[in-house]
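*Asks:* Here the structure of chain A is known, so what remains is to put chains B and C in place on it, guided by the hints.
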Amino acid sequence: MEQPTEQLTFDFDKVQPHFNTESPDDIKLTLGEFSGPLDLLLFLIKQEQANIFDIPIAKIADEYLKYIRLMKSLDISLAADFIVMAATLIEIKSKMLLPREIFGEAEADAEDPRQELIDRLLEHQKFKNAAEVLYEFSIVEQAVFTRGQIESDENNVETNASVFDLLAVFQKILARHVKEVQMEIAREEISLAEMLKRIRERIYNAGEIDLVEIFQTMRTKQEIVLAFIAVLELVRTESVKLTQSATFGEIILRKI
Amino acid sequence: MDLAIEEKQPRSIGEIVSIVEALIFVADEPITSKLLAEVLDENRETVESAIENLVREYDGRESGLQIREIAGGWQLGTRTEFHDEVRKFLKTRPNARLSLAALETLAVIAYKQPATIPEILEIRGVQSASAIKTLLDKRLIAAKGRKETVGRPMQYGTSKDFLIQFGLKDLSELPSIEDFEDLTSGSV
Amino acid sequence: MDLAIEEKQPRSIGEIVSIVEALIFVADEPITSKLLAEVLDENRETVESAIENLVREYDGRESGLQIREIAGGWQLGTRTEFHDEVRKFLKTRPNARLSLAALETLAVIAYKQPATIPEILEIRGVQSASAIKTLLDKRLIAAKGRKETVGRPMQYGTSKDFLIQFGLKDLSELPSIEDFEDLTSGSV
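Chains A, B and C, in that order, give the protein sequences. Quick note: the first sequence uses our numbering, first residue 1, plus one each step. Quick note: the second sequence uses our numbering, first residue 257, plus one each step. Quick note: the third sequence uses our numbering, first residue 445, plus one each step.
Next up, chain A with everything else stripped away, as it sits in the complex (with noise of 0.2 Å):
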């Protein structure tokens, strides 16, 4: 079950995304790897030097937006979640620039617009260096080899299975079958001589199979008729045989 795996690499002291701003014709974008808008904040507020707690809004949001433009510009496609923080800086950004005297409160009792903010990086930043400590701890563990096989293991290659796989994989067989179905719909009426060829090709697969199950994939009376005399065409003339051990057991069609 190879699924596509995220091509990007992940590496902490990777350069990260700025600005080269040395004439306003002439600006260069480095792209560095931004998990979020609330990771692209946090870089923008070090990038200023600011004090997360005071955070400069009006910069910051600039800022912000001048990076979005020009991710845009570029066709980065740009997930929802970064024009709602710009717009969410938009936001406290005009009402910074309120009196807060408008709210009819006294201004060191009144909340600041940022607060939400500064608290939801704060909570995304130890989440971010948790995120860091996790990845030295994998690298200690890429350091640490564990046994080649041996003869006890099973050297068939084997899943080990959670919920997700059975839907990815039952999903897959749906997929597969659909196409199967359509291409059946297409032709209305089967021949005998495509009903051979459908019978023979399941024997030689399977190499023997049920004759019940054989009858039971037919949809039609007609289908139904039409492969009783394949199976005989078939014992007839190939390399085919019908073997029944018990009476009323169970027909078997197997290859010769």
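Hints may contain errors.
Said to hold, decoys possible - BS3-like cross-link-like pairs, simulated, lysine-lysine; straight-line CA separation at most 30 Å:
| # | chain 1 | residue 1 | chain 2 | residue 2 |
| --- | --- | --- | --- | --- |
| 1 | C | K591 | B | K425 |
| 2 | C | K604 | B | K344 |
| 3 | B | K416 | C | K478 |
Claimed, not checked - Listed next, with one range per pair, are the computed distances between beta-carbon atoms:
| # | chain 1 | residue 1 | chain 2 | residue 2 | range |
| --- | --- | --- | --- | --- | --- |
| 4 | B | T348 | C | D623 | 36 to 42 Å |
| 5 | A | K59 | B | P266 | 24 to 30 Å |
| 6 | B | K389 | C | K613 | 50 to 56 Å |
| 7 | C | L534 | A | L122 | 41 to 47 Å |
| 8 | A | E208 | B | H339 | 37 to 43 Å |
| 9 | B | Q369 | C | R488 | 39 to 45 Å |
| 10 | B | L427 | A | E208 | 30 to 36 Å |
| 11 | A | E116 | C | K613 | 36 to 42 Å |
| 12 | A | L70 | B | S432 | 48 to 54 Å |
| 13 | B | M410 | C | R488 | 42 to 48 Å |
| 14 | B | G328 | A | E238 | 46 to 52 Å |
It should be emphasised that the hints constitute simulated quantities derived from the structure, not laboratory data. These numbers were taken from a predicted model, which means no experiment stands behind them. Beta carbons: idealized from backbone N, C-alpha and C, even for Gly.
*Replies:* Just chains B and C now, kept in the frame of chain A:
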């Protein structure tokens, strides 16, 4: 491909013994002293005396393991005295692993239950008899009576063990197609 | 199922150490002291002191291998010092790395488990569906049933493979999330 190891101090014999041990351990097949010498970039005599050291060490401390020469190479294995216990362990080992064929069959049964062999064949497009046997042996599925149609085929459904092994409270906890779409359509 | 080994003389501690060593080697996953005790039909304390002995022995003789506690069990692995040589021999490179998004999502799930997609979104500020899919594919997380709230969203937690890949004995070995709160300086 440049796999050269940085220039280092010459290794002590103890270090060479340890690396030889590590390499014999990770190798899938008996590893020759020639190959060991190449990887370590040491001469063959040095490596061979390291192996000798190692063999003596394992014998000396009556380890549960032994370094054996086999098919011209060296291999780590359990000592024959303990084969009873090893065999007992191998039998008790919880084996929740499934082949892809068994997994596919289980998926069909889980989502389409109760399902008959012809129905599973119809969906998977291949014979599933041996996969079904595996699943029955592992008690992940159980027979659920016969279907009242031509041939009265046996129907199969998932078992209680299936719920336990896959960590489900009941069948309604199986991820739905929608859950999966949530994951595949989302962008980061 | 009768797996009893014939009645024998009581085993010496040295013998128990050797068998424990053989079993840890044979097991293809970390093996718990509980399972070791069952297979040996000895009590857990005996087995645990045998393991201790073994760990000391491997450390003492500066083996190329080490006995480690990981994911709740014991495993034999190469010593980190020799990773260059081992990698050269196996011709492997360090594993494919996780994206920053996937790693952050994993951190959130590890600390908040069981966690739902909306909860992860809240902390990361970004949709995490594809990161979750990657983590499921890599078996670092697993679905842990549904949360009994609106929409019954699927909950995720870390897996045994997570412990193994990150070299953790158990989840309690994760540094506390509060340790990461050293942000009072305001520097990011």
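*Asks:* Confirm or reject each hint.
*Replies:* Checked hints:
no.	hint	verdict
1	C:K591 / B:K425	holds (12 Å)
2	C:K604 / B:K344	holds (24 Å)
3	B:K416 / C:K478	holds (25 Å)
4	B:T348 / C:D623: 36 to 42 Å	holds (40 Å)
5	A:K59 / B:P266: 24 to 30 Å	violated (58 Å)
6	B:K389 / C:K613: 50 to 56 Å	violated (38 Å)
7	C:L534 / A:L122: 41 to 47 Å	holds (43 Å)
8	A:E208 / B:H339: 37 to 43 Å	holds (39 Å)
9	B:Q369 / C:R488: 39 to 45 Å	holds (41 Å)
10	B:L427 / A:E208: 30 to 36 Å	holds (34 Å)
11	A:E116 / C:K613: 36 to 42 Å	holds (38 Å)
12	A:L70 / B:S432: 48 to 54 Å	violated (40 Å)
13	B:M410 / C:R488: 42 to 48 Å	holds (44 Å)
14	B:G328 / A:E238: 46 to 52 Å	holds (50 Å)
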